[in-house]
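**Q** For reference, the chains in residue letters:
2 protein chains.
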Amino acid sequence: MGNCLVAQSGGPTAVINASLAGVVRANQLNPVYDRVLGGLHGIEGTLAGKLFDLTDLSGRDLEILRQTPSSALGTCRYKLKRRNDADFLRLVEVMDDHDIDTLFYIGGNDSMDTVDALAEWAAENAPGKRFIGIPKTVDNDLVPVDHCPGFPSAAKVACQITHATRLDYDAYTRPEVFVLEVMGRDAGWLAASCCATGDVDLLVLPEVDFDKDAFLNEVRAKFDEQGECYIVVSEGAHYADGTYLSAGESANDGFAHAVLGGAAQTLKQMIVDAGIVPRGVVQDLSRAARSSNFAQSLVDVTEAYELGMSAHMRSADPAFTGQVVGIRRDEAAAAEGRYNARFFAAPASEFANQVRRFPAEWILPNYQGVTEEALAYFRPLIEGEPKLVMEGGLPVTLPAFNRR
Amino acid sequence: MGNCLVAQSGGPTAVINASLAGVVRANQLNPVYDRVLGGLHGIEGTLAGKLFDLTDLSGRDLEILRQTPSSALGTCRYKLKRRNDADFLRLVEVMDDHDIDTLFYIGGNDSMDTVDALAEWAAENAPGKRFIGIPKTVDNDLVPVDHCPGFPSAAKVACQITHATRLDYDAYTRPEVFVLEVMGRDAGWLAASCCATGDVDLLVLPEVDFDKDAFLNEVRAKFDEQGECYIVVSEGAHYADGTYLSAGESANDGFAHAVLGGAAQTLKQMIVDAGIVPRGVVQDLSRAARSSNFAQSLVDVTEAYELGMSAHMRSADPAFTGQVVGIRRDEAAAAEGRYNARFFAAPASEFANQVRRFPAEWILPNYQGVTEEALAYFRPLIEGEPKLVMEGGLPVTLPAFNRR
Numbered sequence: 001m002g003n004c005l006v007a008q009s010g011g012p013t014a015v016i017n018a019s020l021a022g023v024v025r026a027n028q029l030n031p032v033y034d035r036v037l038g039g040l041h042g043i044e045g046t047l048a049g050k051l052f053d054l055t056d057l058s059g060r061d062l063e064i065l066r067q068t069p070s071s072a073l074g075t076c077r078y079k080l081k082r083r084n085d086a087d088f089l090r091l092v093e094v095m096d097d098h099d100i101d102t103l104f105y106i107g108g109n110d111s112m113d114t115v116d117a118l119a120e121w122a123a124e125n126a127p128g129k130r131f132i133g134i135p136k137t138v139d140n141d142l143v144p145v146d147h148c149p150g151f152p153s154a155a156k157v158a159c160q161i162t163h164a165t166r167l168d169y170d171a172y173t174r175p176e177v178f179v180l181e182v183m184g185r186d187a188g189w190l191a192a193s194c195c196a197t198g199d200v201d202l203l204v205l206p207e208v209d210f211d212k213d214a215f216l217n218e219v220r221a222k223f224d225e226q227g228e229c230y231i232v233v234s235e236g237a238h239y240a241d242g243t244y245l246s247a248g249e250s251a252n253d254g255f256a257h258a259v260l261g262g263a264a265q266t267l268k269q270m271i272v273d274a275g276i277v278p279r280g281v282v283q284d285l286s287r288a289a290r291s292s293n294f295a296q297s298l299v300d301v302t303e304a305y306e307l308g309m310s311a312h313m314r315s316a317d318p319a320f321t322g323q324v325v326g327i328r329r330d331e332a333a334a335a336e337g338r339y340n341a342r343f344f345a346a347p348a349s350e351f352a353n354q355v356r357r358f359p360a361e362w363i364l365p366n367y368q369g370v371t372e373e374a375l376a377y378f379r380p381l382i383e384g385e386p387k388l389v390m391e392g393g394l395p396v397t398l399p400a401f402n403r404r
Numbered sequence: 001m002g003n004c005l006v007a008q009s010g011g012p013t014a015v016i017n018a019s020l021a022g023v024v025r026a027n028q029l030n031p032v033y034d035r036v037l038g039g040l041h042g043i044e045g046t047l048a049g050k051l052f053d054l055t056d057l058s059g060r061d062l063e064i065l066r067q068t069p070s071s072a073l074g075t076c077r078y079k080l081k082r083r084n085d086a087d088f089l090r091l092v093e094v095m096d097d098h099d100i101d102t103l104f105y106i107g108g109n110d111s112m113d114t115v116d117a118l119a120e121w122a123a124e125n126a127p128g129k130r131f132i133g134i135p136k137t138v139d140n141d142l143v144p145v146d147h148c149p150g151f152p153s154a155a156k157v158a159c160q161i162t163h164a165t166r167l168d169y170d171a172y173t174r175p176e177v178f179v180l181e182v183m184g185r186d187a188g189w190l191a192a193s194c195c196a197t198g199d200v201d202l203l204v205l206p207e208v209d210f211d212k213d214a215f216l217n218e219v220r221a222k223f224d225e226q227g228e229c230y231i232v233v234s235e236g237a238h239y240a241d242g243t244y245l246s247a248g249e250s251a252n253d254g255f256a257h258a259v260l261g262g263a264a265q266t267l268k269q270m271i272v273d274a275g276i277v278p279r280g281v282v283q284d285l286s287r288a289a290r291s292s293n294f295a296q297s298l299v300d301v302t303e304a305y306e307l308g309m310s311a312h313m314r315s316a317d318p319a320f321t322g323q324v325v326g327i328r329r330d331e332a333a334a335a336e337g338r339y340n341a342r343f344f345a346a347p348a349s350e351f352a353n354q355v356r357r358f359p360a361e362w363i364l365p366n367y368q369g370v371t372e373e374a375l376a377y378f379r380p381l382i383e384g385e386p387k388l389v390m391e392g393g394l395p396v397t398l399p400a401f402n403r404r
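Note that the protein sequences, when read in sequence, are chains A and B.
Using full-length UniProt numbering, the letters of the first sequence map in sequence onto residues 1 to 404.
Using full-length UniProt numbering, the letters of the second sequence map in sequence onto residues 1 to 404.
Keep in mind the hints are simulated off the structure, nothing from the lab.
Be careful, since some hints might not be right.
[To be verified] Stretch by stretch, here's where chain A covers chain B in the computed footprint (C-beta under 8 angstroms, at least three residues): (1) 75-81; (2) 154-166; (3) 172-182; (4) 288-294; (5) 369-383; (6) 395-402.
Cβ coordinates follow ideal geometry from the N, Cα and C atoms, glycine included.
Please put together the full structure from these sequences, using the hints given.
**A** Printed below as a string of structure tokens:
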């Protein structure tokens, strides 16, 4: 019986550790592998041989790991490139050193591409070595899944803060605009999800080239109509020429270091400069949305855990490699107004290097938000709250393995 | 039997509506007043005669009101000034029109000054009209209380996000600084509370004049020692000459409109410009901390509710005017390691126009955070979570009265 390795890559999420816990727990229920080793700091630490033995984590530790945000193994921004034989050979060397035949790689589209490349390469150069992908990303931009673990919890935090800050904004009478910025460089899923609370007046997504005049007209109309305007913008919103809003309008004035604002700040300033209102409030959720374990979605943390289990269980088949596990929505249940997840596996090549953008047909024209179909997509994902283990008023977390 | 009026003033909090619910519920338990009327948009709407009858809100509505953030009656930035006889006369006119003899005013130090001024003025000019204060503020800067409703919940959110973003930060290896900014213009209570999680490396408070060189030395030391540095800064942090950090270092370059950053952004840029690390991450909690009902502290929401009840109950004594209710910590219990609140009332003049700063003796030198005494002060306040009524994965809220 050989060992397996699990590593985490890319940006942390509120539930990426639940997938890790799922792999470890599945192996305790059915010890397909002798040891479950964690690679520290993603592929970077793994290549350096930095491993942590997770095999015998207690049930209590695994329960706490499920509610611990961020990547407990640590992550990295280092990407394994296709045809980087040196890195591939070094990885296999580390695997051989530790009697590892299988790598579970938890990450986004880049990581799924790495799984694909490694599996392809191994077929010829390292027979018996297997590479399996477990997706995660708050951006929700992976194909061909219904959604990606991490996104629902980020959406839940974003929705909670949208509603709370909208009520805060509504308490005032004076004319000011409110702009909330959320993560999402290439895809606007997270920004769009904020519409689930019914609080968003205008929505600016990366999927629609930004048109300043058209946008300002809509802002004016909202103020004329209701005396206020609550806007959500995705960090990746951009003009037709590709320039990000977050680059700032004064980016070319020679004082680039002074241009500090993000997309929300740019929009606020644009609205003030247009004389629509004299002031505004900007709120940037930034990392507070992606790692907020105190607002995990029960659907999300359960699915993330079960995806980890599913990947482990499927790997009992020795031919299972170059595959990624994922979630599809049970369409029959959805037709009846119920939500149900279906787990599946598909070749990593289907996941690799593609960006699933927020569907054009779900976007209302003129920054007016999203369609009912979009809301029906979002709503079940943010349902339910896990019963968190609390101490001193805060969710208990497990110390990160990379910091021990 | 006359009526009473309740109004909310200043910045919203996560539990200011719990105090409102407490007044309404107390009157249902013992109808000292015939009607409980809410003044919309603080004193501004009240002067305009915009009232909403709260007397018969259902038990269910009051339960939801307790978990609804922001000011359900609306708020305003309009301040009643001392010796503004026109406003005072108009207020008494509105009170007379609606047979109101008592005003409960929920607000911060300015509002408590208003209560004092109104009571003093009424003694001579409007006998029988009474003015009673119920404190709230996330800034926690009121004397002579132990703490102020709204602060504990804001501190709890700040602590939760501090810990979550610290874990997120810890997941990476590359050299970058992390700076979290929280509210607190004149007092650093909220920033200091973030230290309760044990995650803060350096703390920058308004109570200590900012010394750039000394600060950068500490940042360097942290990176030398541990390769990372997690900083919390209060929005009101300033240099010895009173200039706010949030004013930006380039504020005088003639391009003031391009200076968009807050205190955190300024610190990050300062550290990068000093060549300590090439980059950094900034997170500004801004309004997400003060109105986040999804993370109410049980201690806080209970005390806010009970302060509302206490104010109502004490007002059964016709001589009760010009007073503010507040909370003191039971020192005997504290000596035994337990937390217990004691409710008291004191003349509004004791609360008015003073700022209670974070105690100098609780601040460690060289931006190293706070003492154990400070942590012992914070910890009981963020304890416990109310059982929230949820729907669709979000806390249910009551539609604001000012928007109906």
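**Q** For which of the previously enumerated hints does the structure constitute a violation, in increasing order of number?
**A** none
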